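Protein chains in written order, with the numbering used here: chain A, 110 to 397; chain B, 39 to 251.
Careful, some of the hints might be misleading.
Unchecked claim - From chain B, some residues computed to sit far from chain A (all C-beta separations above 12 Å):
id	residue
1	SER64
2	GLY78
3	HIS119
4	GLN123
5	ARG124
6	ARG198
Unchecked claim - Facing chain A, a subset of chain B residues (Cβ under 8 Å, in silico):
id	residue
7	ALA100
8	GLY101
9	ILE153
These are computed hints drawn from the structure, not numbers from a lab. Since we're looking at a predicted model, the values are computed, not measured. Backbone N, C-alpha and C fix where the C-beta goes; we use that ideal spot for every residue, glycine too.
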Amino acid sequence: MRFRRSGGPAHRAESEGLLDAARGGQPPTAEADPLAHLLAAAAAPAEPGELSGEEQALAAFRAARAAPVPATARVARRWGRLRVGAAAWLAGLAATATAGVAFAAVSLDRPDEPAPPAPTTPGSTGGESAASPTGSGDDPTATGTPGAASTTGTGPTPTGGPGQPAGAGELAGHCRAYLAKSPRQRARALETPGFADLVTAAGGADRVEDYCLRLVPDRAPKSSPAAPATSPAARTTSPEAARATTPAPASDKAPASDKAPASDKSSTGRADTGKSGNGPAGAANVDR
Amino acid sequence: MTGELSEAVAAAQAGDEEAFRFLYRSLQPGLLRYLTALVGADAEDVASEAWLQISRDLPGFAGGEFRAWTVTIARNRAMDHLRRQRRRPSLPVPVQALSELAGDADTAERAGETIGTESALALIATLPQREAEAVLLRAVIGLDAETAGRVLGRRAGAVRTAAHRGLRRLAALLERSDVRQPSGRAEQATPPRPRTGRGRPAPSAPKAEPADG
Chain A
110 MRFRRSGGPA
120 HRAESEGLLD
130 AARGGQPPTA
140 EADPLAHLLA
150 AAAAPAEPGE
160 LSGEEQALAA
170 FRAARAAPVP
180 ATARVARRWG
190 RLRVGAAAWL
200 AGLAATATAG
210 VAFAAVSLDR
220 PDEPAPPAPT
230 TPGSTGGESA
240 ASPTGSGDDP
250 TATGTPGAAS
260 TTGTGPTPTG
270 GPGQPAGAGE
280 LAGHCRAYLA
290 KSPRQRARAL
300 ETPGFADLVT
310 AAGGADRVED
320 YCLRLVPDRA
330 PKSSPAAPAT
340 SPAARTTSPE
350 AARATTPAPA
360 SDKAPASDKA
370 PASDKSSTGR
380 ADTGKSGNGP
390 AGAANVDR
Chain B
39 MTGELSEAVA
49 AAQAGDEEAF
59 RFLYRSLQPG
69 LLRYLTALVG
79 ADAEDVASEA
89 WLQISRDLPG
99 FAGGEFRAWT
109 VTIARNRAMD
119 HLRRQRRRPS
129 LPVPVQALSE
139 LAGDADTAER
149 AGETIGTESA
159 LALIATLPQR
169 EAEAVLLRAV
179 IGLDAETAGR
189 VLGRRAGAVR
199 TAAHRGLRRL
209 AALLERSDVR
219 QPSGRAEQAT
229 PPRPRTGRGR
239 PAPSAPKAEP
249 ADG
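Only chain A is shown next, with the shape it has when bound in the complex:
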C-alpha cells in the first residue's frame, strides 16, 4: 500500500494475472509492463549451468533403484507419509465391502418391504442412496448392483488405483491388495490379469513380494489383521466413501474423484513439516 504512487499491479487479481502469465511461459510483449518482463526472465527456460548436477542426480536415482533397502528412519518417515493414504484406502475398501453387504441385505428385503429401514450401518444408507436411483423398487437392477459392488470390495483392482493418471499409484494399490492376501492366495492372484501389470513392473512373479514391500513397506507387518483394523475407519468415513465407491462397477473414475484430493493432500501436506493448515487447504483443494 506504500507503493500506491507507482505502477505495478493495483490489486491482487492483476498480480495473479501476471504470475499466471509467467507461470504459463507466455513471453511478454515488448511494450508490456517491466514487471512482466522481470517475471518472464525469472521463469525463463533452463540455462545449461543450472543442469550441471544432472549426472549426480541420475547416479542417486540409480543407487536408490539398486539398493532400495530402506533405513529404519526412512521407513518410519515413509510410513508416516503413507499412513493417510493407506487409511483412506482401507476406509474405502471397508466401506465398499460393507455397503455391498448392507445393500444386498436391504435389496433382499425389498420385495416384501417397500420402505426398508436399513438399520445395519451408517454405510448402508450412503450406499443405498447412491446406488438406488437407477431403480429404487426394481429387483433386476437392484440385485445387479450389489453383486458388482461386492466384487469391488474383494477384488483389488478398482479401489487399488487411487485414480492417478499414472500407473504407479495403481501399482501401489495392487501391492496393497496383494500383500493383504494370504500366501496361498497370492500365488493364485498373480496369475489373474488384474495383477499382470504388477508382475511386469516387478520383473517376474517371484519378485512381486520384494517389489511390493519396497513400494508399500508399511503394509508388510500388518497384512493379516487388516480386516479388524478397517471397521472403525469404515464407521467414521463410510457415508462419503460408500457414495464414491459404489458406482465403481461403471468405471474406476468414480473412486478417483474421491481419492485424488485425499492422496493429493497427504502427498504435499505430509512431506512438509506437518504444520500445514490442512483444513482450509483441503477445502480449497477440492474446488481445484
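Fit chain B to the given chain A structure using the hints.
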C-alpha cells in the same frame, strides 16, 4: 505439460532413467532458482541433497502435484541447511554478479526482454522472504496459489496477498531504477537492497517454517 510430467513420474517410479532425467531437467531450474532465494550460494548443494531425497522417496510418491512434492522436499532441505548454519547469507547473490549481468549478452539477444534471469532472481531475492517465496512458487515453480499455500503451510489467500505485495514492491524497485538510470537497470537493482535486505535475514529465517495459516 502436467500430463507429460505425471507420465514421466510414473515411468521413473518404474525405473525409467530417461524419465528421471526428464524430471530433473524440467524441475531443477525452478528448484535451483527458488533455493537461491532461500539459501543463496548454497543453492546447488541443497538442490543436490533434495534430488537425493527425491530419487530415494520417489517410489513412495502417492500422487498429487509432483512439483509441489519436490519443492516441499527442497524447501525442507533448505530449512535444515539454514538451521545448520544458524545464519542466513548476508547477500543472496553477490553484488558483482549483478553488475556483470547488466551487460549480459543473453539480455541483448532477447530483444523484448530488458532483464536477465539472474538479475530478475536477484531482485526477487531482495523481497522479504515470505513475498519472495510466494512470487517464486507461483511464477517460477509454476504452482497455483492453493498448492503454493500447501507447500508453505499457509492459506491460499495469504499466498496471494504476499505475492501481490511482492510484485508491488518489485514494480516500485523497477520504477525507481528506471527513473534514475534507464540504461543500467540491473546495476540499479543493488541500491534498494540495503533497505529491504537489512531487515530480512535474522527475523525471517526461523519464521519461514511455522505456518501462520
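Taking the closest pair, is the beta carbon of ARG124 of chain B still more than 12 Å from chain A? 18 Å, holds
Once the closest CB in chain A is found, is it more than 12 Å from HIS119 of chain B? The claim holds: HIS119 of chain B sits with its nearest Cβ about 14 Å from chain A, beyond 12 Å.
Given as non-interface: GLN123 of chain B, partner chain A, CB spacing beyond 12 Å: Holds, since 18 Å exceeds 12 Å.
Should the interface hint for ILE153 of chain B be scored as holding, given a Cβ-Cβ cut-off of 8 Å against chain A? Nearest chain A Cβ about 5 Å off; hint holds.
Would the non-interface assignment of GLY78 of chain B survive a Cβ cutoff of 12 Å against chain A? Nearest chain A Cβ is 15 Å from GLY78 of chain B, so the label holds.
Examine each Cβ of chain A, and state whether all of them lie more than 12 Å from the Cβ of ARG198 of chain B. 5 Å, violated
Holds or violated: the hint that ALA100 of chain B contacts chain A, with Cβ atoms closer than 8 Å. 5 Å, holds
Could you let me know if the closest chain A CB is still more than 12 Å away from the CB of SER64 of chain B? With a cut-off of 12 Å, SER64 of chain B comes too close to chain A, as the shortest Cβ separation is near 9 Å.
Can you verify the interface hint for GLY101 of chain B: is its Cβ closer than 8 Å to any Cβ in chain A? 4 Å, holds
Consistency note: the structure conflicts with the earlier hints numbered 1, 6.
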